[in-house]
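**Q** Protein chains in written order, with the numbering used here: chain A, 1 to 113; chain B, 1 to 111.
Honestly, the hints are just simulated from the structure, not real lab data. Please note that the accuracy of each hint is not assured.
Restraint-style ranges between C-beta atoms, simulated for each label pair [stated by the list, open to error]:
| hint | chain 1 | residue 1 | chain 2 | residue 2 | range |
| --- | --- | --- | --- | --- | --- |
| 1 | B | N29 | A | Y10 | 21 to 31 Å |
| 2 | A | T53 | B | T51 | 41 to 51 Å |
| 3 | A | G58 | B | K42 | 36 to 46 Å |
| 4 | A | T14 | B | E56 | 49 to 59 Å |
| 5 | A | L111 | B | E15 | 34 to 44 Å |
If the Cβ cut is set under 8 Å, some of the chain A residues that face chain B in the computed set are [as the list claims (entries may be wrong)]:
| hint | residue |
| --- | --- |
| 6 | S27 |
| 7 | G28 |
| 8 | H29 |
| 9 | T38 |
| 10 | P39 |
| 11 | L43 |
| 12 | G97 |
| 13 | Q102 |
A virtual CB, placed ideally from N, CA and C, is assigned to each residue, including glycine.
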Amino acid sequence: KAGVTQTPRYLIKTRGQQVTLSCSPISGHRSVSWYQQTPGQGLQFLFEYFSETQRNKGNFPGRFSGRQFSNSRSEMNVSTLELGDSALYLCASTISGGGETQYFGPGTRLLVL
Amino acid sequence: ILNVEQSPQSLHVQEGDSTNFTCSFPSSNFYALHWYRWETAKSPEALFVMTLNGDEKKKGRISATLNTKEGYSYLYIKGSQPEDSATYLCAFTGTGNQFYFGTGTSLTVIP
């Protein structure tokens, strides 16, 4: 069974631009969560999608948004990029998201200049 | 804000040494405690999920214990090997099912 995939793996943007990251979960998994990791910080929860609906949201500004498609693939968008958005963005999938083990993708490393 | 704390932040041990790390989490509204291993340039890999007070899990040389009443979990590595070098993350899930991760313990095993 293929694992969680994320595209692109690396991205360089400039301040003010917007970016869209993609995550394809493990086949059969319907819940996708997104996390941000910056140096010295743990994984910070962004949001979780289940069956195309946002079910949980972390404490991030509205510039961070996401969506999920009917095939469970998910995208997250960051608008008006700031230097502080430079981070590793990870997505994780589970079958139903009920606190069960999450399976992570390799991440997208975003650099904002 | 829910705090999950891990200690130590980093650890260097000699090959063959045994070691352990701590994860502290809120003792209320507990649902599960997860341990992950995260090697450089790879995805975090699930090690254990524990749900019951007193749970002990083992996978080869790695084991973990859980105390939900006092809010801590220990991860033990027996006879550390260089391939054990990684960051070990714990994550708490409460009744809301959201994952709260600690900042991790970075382990370096020196050959």
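**Q** Next, verify each hint and record whether it holds.
**A** Going down the list of hints, with the structure as the test:
Here the CB-CB span from N29/B to Y10/A is close to 38 Å, at odds with the stated 21 to 31 Å. The hinted window of 41 to 51 Å between T53/A and T51/B is violated, with their beta carbons roughly 26 Å apart. Here the CB-CB span from G58/A to K42/B is close to 24 Å, at odds with the stated 36 to 46 Å. Between T14/A and E56/B the C-beta distance comes to about 51 Å, which sits within the given range of 49 to 59 Å.
One distance hint, 34 to 44 Å for the beta-carbon pair L111/A and E15/B, holds here, with the actual separation near 36 Å. Annotation: S27/A was flagged as interfacial toward chain B, and the flag is violated, the nearest CB pair being 17 Å apart, outside 8 Å. Against a cut-off of 8 Å between C-beta atoms, the interface hint on G28/A is violated, since the closest Cβ of chain B lies about 17 Å away. A hinted interface residue such as H29/A counts as satisfied when its beta carbon comes closer than 8 Å to some beta carbon of chain B; here the least separation is about 13 Å, so the hint is violated.
Checking T38/A against chain B: minimum C-beta separation of about 11 Å lies over 8 Å; hint violated. Taking 8 Å as the C-beta contact cut-off toward chain B, the hint placing P39/A at the interface is violated, the least distance being around 10 Å. A distance limit of 8 Å between C-beta atoms decides the matter here; for L43/A the minimum to chain B is near 4 Å, and the interface restraint holds. Using the Cβ-Cβ criterion of 8 Å, the hint placing G97/A at the interface with chain B is satisfied: the shortest such distance is roughly 6 Å.
At its closest, the beta carbon of Q102/A sits 6 Å from a beta carbon of chain B; the interface hint therefore holds under the 8 Å criterion.
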